[in-house]
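Which chain is which? The protein sequence lines are A and B, in order. Residue 111 in the numbering used here sits at position 111 of the first sequence; the count goes up by one each step and never skips. Residue 179 in the numbering used here sits at position 179 of the second sequence; the count goes up by one each step and never skips.
Hint data in this document are derived by calculation from the structure and do not stem from the laboratory. Check each hint, because a few of them may be wrong.
Here are the computed lysine to any residue pairs in the SDA-like style, where the Cα-Cα straight-line distance is at most 25 Å [as the list claims (entries may be wrong)]:
hint	chain 1	residue 1	chain 2	residue 2
1	A	134	B	158
2	A	134	B	259
3	A	134	B	169
4	B	134	A	220
5	B	134	B	255
6	B	134	A	165
Number of protein chains: 2
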Amino acid sequence: MTRLHVSAGSEFGVHNLPYGVFSTEGTARRIGVRFGDAVVDLSATLGGDDLAQPTLNAFMAQGRDRWIEVRRQVTELVLSDEVDEGSVHPIDSVTLHLPIEVADYVDFYASEHHATNLGRLFRPDSEPLMPNWKHLPVGYHGRAGTVVVSGSPIRRPNGQRRVPDRSEPEFGPSQRLDIEAELGFVVGVPADGPIGTDDFAEHVFGAVLVNDWSARDIQAWEYVPLGPHLGKSFATSISPWVVPLLALEDARITGPVQDPEPLPYLRERRSWALDVDLAVRWNGQVVSRPPYSSMYWSPAQMLAHTTVNGATSRTGDLFASGTISGPERDQRGAFIELTWGEAEPVVVDGRERTFLEDGDEIVIEGSAPGPDGSRIGFGDVRGRVSGG
Amino acid sequence: MTRLHVSAGSEFGVHNLPYGVFSTEGTARRIGVRFGDAVVDLSATLGGDDLAQPTLNAFMAQGRDRWIEVRRQVTELVLSDEVDEGSVHPIDSVTLHLPIEVADYVDFYASEHHATNLGRLFRPDSEPLMPNWKHLPVGYHGRAGTVVVSGSPIRRPNGQRRVPDRSEPEFGPSQRLDIEAELGFVVGVPADGPIGTDDFAEHVFGAVLVNDWSARDIQAWEYVPLGPHLGKSFATSISPWVVPLLALEDARITGPVQDPEPLPYLRERRSWALDVDLAVRWNGQVVSRPPYSSMYWSPAQMLAHTTVNGATSRTGDLFASGTISGPERDQRGAFIELTWGEAEPVVVDGRERTFLEDGDEIVIEGSAPGPDGSRIGFGDVRGRVSGG
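Bound-form chain A, shown alone:
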């Protein structure tokens, strides 16, 4: 038996305790909690059929009372002197897997700065924000089957793109491969219909970082009138640690003023706006720091909207915020905005850069305020681009 240690200032201290799925060489996938630089095997320590699983889905389906109880048990365990050494693994010794089995994946467009920037770039002759944008969180379904865990290689997609001054498109590897730095939310408890904003924390288990890789040339050609498809569907990366909503109470803030006032089903008694700071590293260098606090629509509003038509929800439903872009240039969460459609390159590795080249590695990090001055780390979501 041993006692676990965590360095002062760790973003994975006792106030965080995010859940993931790991394996060690030759062993099966199982659920673990990150504490400092260690992974604690929950199937080996706590027991429970819902924890002896290769994904978090069965546990997430149990609901908030169970989530609170397991969090209490994990807290007690990591603070005790009685952790079995065999159930603790250094973070560098494990392989991390996709923590959830994704049911449906919906991607929103909830940053006013991002939507305005994209509108200017994609539709320079029109009003950048569509008339619906301030009345509802615009979103669409993405491809659940290509949601992959951080570290998965990102193959450059092939596709069609418009050629200037020609009516025929050309085909080939995307030449405008981009990122989208987002925050994603995972549904635990299913629902037969509408999930009101007040019920958000009864259904949503936790949050992850998301990189919604985007091929802008493919997207620009295909997206009218039914929205993005192949420009997005090749890969969406998520971070391996699901930070429970229970760890994000101190990150809750007052959301932005919403004007016009949203319809009643989108109003919140207390906002689920969150103060999460992201950073985007391009080959190691921070090029942007998107602030989730600047988002126009909250995640509770996104889920209320998704379900207000009566659509059912399932355990493992993932919905993401859309690109997080703040008001400043160095807060933009996509390179098409950061470089203003290639007009204003950024310097990376001493060279002017706009879109992704083969070999580039993108790491998106995130953290939020926790109790007692602590930080709640999301860890990171990373991916390296290879040729198509």
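Assemble the complex: chain A is given as a structure, and chain B must be docked to it using the hints.
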């Protein structure tokens, strides 16, 4: 032991043999084959782990050799004198369930007549067909979790809609609830990347009828710029019988001339265009007969396009054609087209009608040519609308 009988001219004769999932009172869901007006329990007759399942997914994942072998065994069984009576159930005595566990659901827009009609109705001031339409099968991801089996009640969705001459939307039950008569295709064998048009039948197991219920008022307000979302995500109904591709060889026809010639990855050595006749019944009365033979893009082209960017495919992926509309008015597969946006009502039950009212029942039927002058029935997909 008994011998099964099927009436001459049945659309469920020995050349069809579609697969479904059924239960009888108090028993578990299991796989059956429809033969005439009977359901033959495959788990009880043939054995095999892949057939002793509550969905078709495990069987579909086995691949074409196994599909051919089981089809041979089923054919032999239904023609023999040695069918165990306990494994045969009258069709009226069973409950039919969703036959597949849906992985991702993609909906296309592959009818030139439909896309042209919708373009005229939604965007009267622009060219009806977008510049991309003849270069790629336009499609988008729908909500897999709300794909339901025929007979499931359809609750009228709530949502936002534009109000003429006002900038603020209003909220309430959809006033323009519509249908879309489509054909859907189910992926059996997964793939790590592109599925070329020549490999269609190695991956796709079979086809179903689809009714993609659509709330036109919600859709018209929300769909710019990221495509349809709540206007479609409340329910998509599919028929309970999956007709194997192996039963559709005689339905293969030459597709329409595609001009301009598609890019190489969309070309087919032999087209997967199919001659399937649909009929739409509104409270029993046939109001439209959409011909699948009129579709511009074939299902092999749809799947090749979906995966050409490297997107992986999973067992249970469902992709649908989009509304099937022929060139004639009474061949239009959606009421918004059939009634030209309410300008030209149809008479049902002696009254002029445009969109769906509570209590309306829609039944979409379909059949295709089979060997020796037979017809291959898809059965039907039905749904009754109730108040939201």
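Hints, one by one, checked against the model:
1. A:134 to B:158: holds (18 Å)
2. A:134 to B:259: violated (41 Å)
3. A:134 to B:169: It holds: about 11 Å lies between the C-alpha atoms, which stays within 25 Å.
4. B:134 to A:220: Status holds; Cα separation ~16 Å.
5. B:134 to B:255: Between residue 134 of chain B and residue 255 of chain B the Cα gap is close to 14 Å, so the pair holds against 25 Å.
6. B:134 to A:165: holds (18 Å)
Consistency note: the structure conflicts with earlier hint 2 alone.
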